[in-house]
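J.: Listed below are the residues making up each chain.
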Amino acid sequence: MAKVIEVDIGKCMACKACELACAVEHSSSRDMHKIVKEGERPGYRINVEAYGRNAVPINCKHCEEPACVAACPTGAVHRDKAGEPVIVDQERCIGCHMCVMACPFGVIIVSTDGKGVLKCDMCIERLERGEEPACVNACPTGSLKFMDEEDANRAKRMKVAEQMVSAKEQQ
Amino acid sequence: MAKELKHADKATQEMFKRAQQENLETVWDRYEEQQPQCGFGTLGLCCRHCSMGPCRIDPFGDGPQYGVCGADADTIAARGIARMIAAGAAAHSDHGRDVAHTLLMVARDPNSDYSIKNEGKLKAIAAIYGIETSGKDIKKIAEEVALASLEEFGRQEGEVKIATTAPAERVKLWREQEIMPRAVDREIVEIMHRTHMGVDTDYKNIIRQGMRSAIADGWGGSMIATELSDILFGLPNPLKAKANLGVIDPDYVNVIVHGHEPTLSDIIAVVSMKDEMKKKAEKVGAKGINLGGICCTANEILMRHGIPLTGSFLQQELAIFTGAIEMMVVDVQCLMPGLDQAAESFHTKLVTTSPKAKMPGVEHVEFHEDKAVEIATNILDMAIENFKNRDNSRVYIPDESEQLVAGFTTESVFQFLGGKYRSSYRPLNDAIIAGRLRGAAGVIGCSNPNVEYEESTISMVKELIKNDVLIVTTGCNASSCAKHGLMKPDAAFKFAGQGLQEICRAVGLPPVLHLGSCVDNSRILLTLRNIVSEGGLGDDISSLPVAGAAPEWMSEKAVSIGFYFVASGVYTMIGHPLPMMGSKNLDRYLTEEIEQEVGGKWAWEIDPIKAAHKMIQHIDLKRKELKLKPMMYEQVLQPAV
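In the order they appear, the protein sequences are chains A and B. Residue 1 is where the first sequence starts when you use the working numbering, and the numbers rise one by one after that. Residue 1001 is where the second sequence starts when you use the working numbering, and the numbers rise one by one after that.
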């Protein structure tokens, strides 16, 4: 079972370290100081949105049946193998933005130069090196976690179990 | 894109709508753009004091609990707060230093454009410093007072002398607690030293140095700023004036002074009233010069000359958007860096004047006190010259302004209660003792887009006066009260409880008293001291049935002000808490334990009505401790104790 980026919005501090790390990871130099100095705009593939006083990180879900892949006329947005991240082949992208329109989460972003799109690739190169995605690695509170979906589910079930037991003990 | 401003005065609502229609960016738009704001900063859990960092403490307990150096949440949060105090105290005190330099110049330069306008106060301050005045030339006294004041900043031994004018019990307590300030600059420097990597890590000890620095501000730098300004520019007296954007007059050359120091703005006020300037303005087709103010510069010239108050901190861009401002002259503090973008969208000429506050690409006309009138005249000439560039098709001035009475001081305000011939604080103390007044509250501070503009200020003040609590105010909070009509004598009959109404009726006072700019919070300190020395309400400020609040605070100056009120023994309420809530220990210290040490404490409450009620409950507690009589009239909020 593939790992997913789990988001616990209760722990998000809105520091936007995930956005920054995403931009650095997807830059040409991967050097923050150089990016700033040279004016490169790698863009964010994860966004921390404000809803009232809550901060909510929103990122690609890498859906089982991705609307973006279905909408893409050139096959640029694709998935190599089942269980792998949905990625964009920039060579094949014609900049029609169909995927942007199709995505129900609004996480495929028109790139900063207006040509092509930016989309979470789950830091596929980092994964190959056995590392976590850059946003997860940067998150200081564990609001973003890279984990096996079933492990995440089990953790949630354990929390519910704990609540039920403590409720029973109080009775 | 931003929301509606439902609670703001009508002029602001109208101009804000206009700004949105015209796609003019405001502080509220930029606030929205910044959402969500970083929780580590909000909680005071990030540290950038050395390059082993930056470090963050995880408030949920899963991530790191120590910075690289080993500092925990308590240390990091306390150091952050202490540095805010240092910056706030520095801003107020540097302002005080500039006024002292001006006084010294007046004493030494026979051709100075300034003069000694208040010899009585000069002699009173001389007495504090032990300066002999009898038979001495007034300029000689001024020189010695100026030098003695300047010594307060850099003294190497002893104490800030003007702080010893606090009640004797208070001074004794400060000395026992080892927080009696030694010199203004020294305490600020010591904060910076202690919060450097690897120095003070005891959060209580850090905050105690913060309090010492804050006392050096309120009972030092700020007090010097107020007192010496009264000597140089005259003691304010109650006067009628107008407030809000509606004071901008399309027929005139409109000039706005904005910032904090009175040295330039007072001269501009005087020069703008000259016939010669009126004639120059008439030559370009205007009826004259119409001067207005924003922020505390406004309060300084409102208090002394009755110059209209154009607006508060959050209205600085809106004033330019009226399209009818020929010039905005700024000095220091609370100048939004976004002003130049606002001015670029119109013909408005923005001019910086202080060597401490320049803006890239903005014309800088440096102000020098020794050529005050010449420079002020040049600046006004530039404004008149700019009148022809006004695009009348873009002029849009909301027809909203409000009457107010301003110009109250420690010396004048409460003595009115006693009448001209037997002026004393006795009637005020008696009113509190007899239960006609429940107590008094200082509601002060800034305005901040992180709350509904003016909602907290106005509803808190109304709730307090409804319960017979007399209000003193300063700074941008005063501007908000003025714009909402709370500074007219008849406001008492609309909003105040019966006891407060009786007092306002007897002496013609509004229920909300304007005491000046934010450095003039020192007037509130001295008022509290005078109430103590009048007798009958305990022998220290901490025993008085009073409270302080800054519901819409924004600046580091407000943090220093809050701490000097707490250190003076006052229960001090703010809306959004200080950025340190990531440390539970520090929160408990500031809102509970600190009271054991200094008699005052902090409180945080966003809901302005609940906040007002907590303040009243504190006042009730003090009334009970003093065994004062029950309230004379039935109260809306029943006494809790």
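Errors might be hidden in some of the hints.
[Claimed, not checked] FRET-style restraints, in silico, Cβ to Cβ:
(1) B:Asn1205 x A:Lys37: 52 to 62 Å
(2) A:Pro73 x B:Gly1063: 39 to 49 Å
(3) B:Gly1041 x A:Glu149: 25 to 35 Å
(4) A:His33 x B:Pro1337: 45 to 55 Å
(5) B:Asp1399 x A:Pro73: 51 to 61 Å
(6) A:Arg30 x B:Val1362: 47 to 57 Å
Read the hints as simulated data drawn from the structure, not as lab findings. Positions of the beta carbon are idealized from the N, C-alpha and C atoms, including for glycine.
J.: Now, for every hint given, state plainly whether the structure supports it.
T.: Evaluated hints:
no. : hint                             : result
1   : B:Asn1205 x A:Lys37: 52 to 62 Å  : 41 Å, violated
2   : A:Pro73 x B:Gly1063: 39 to 49 Å  : 44 Å, holds
3   : B:Gly1041 x A:Glu149: 25 to 35 Å : 33 Å, holds
4   : A:His33 x B:Pro1337: 45 to 55 Å  : 24 Å, violated
5   : B:Asp1399 x A:Pro73: 51 to 61 Å  : 58 Å, holds
6   : A:Arg30 x B:Val1362: 47 to 57 Å  : 38 Å, violated
Hints 1, 4, 6 from the earlier list are contradicted by this structure; the remaining hints agree with it.
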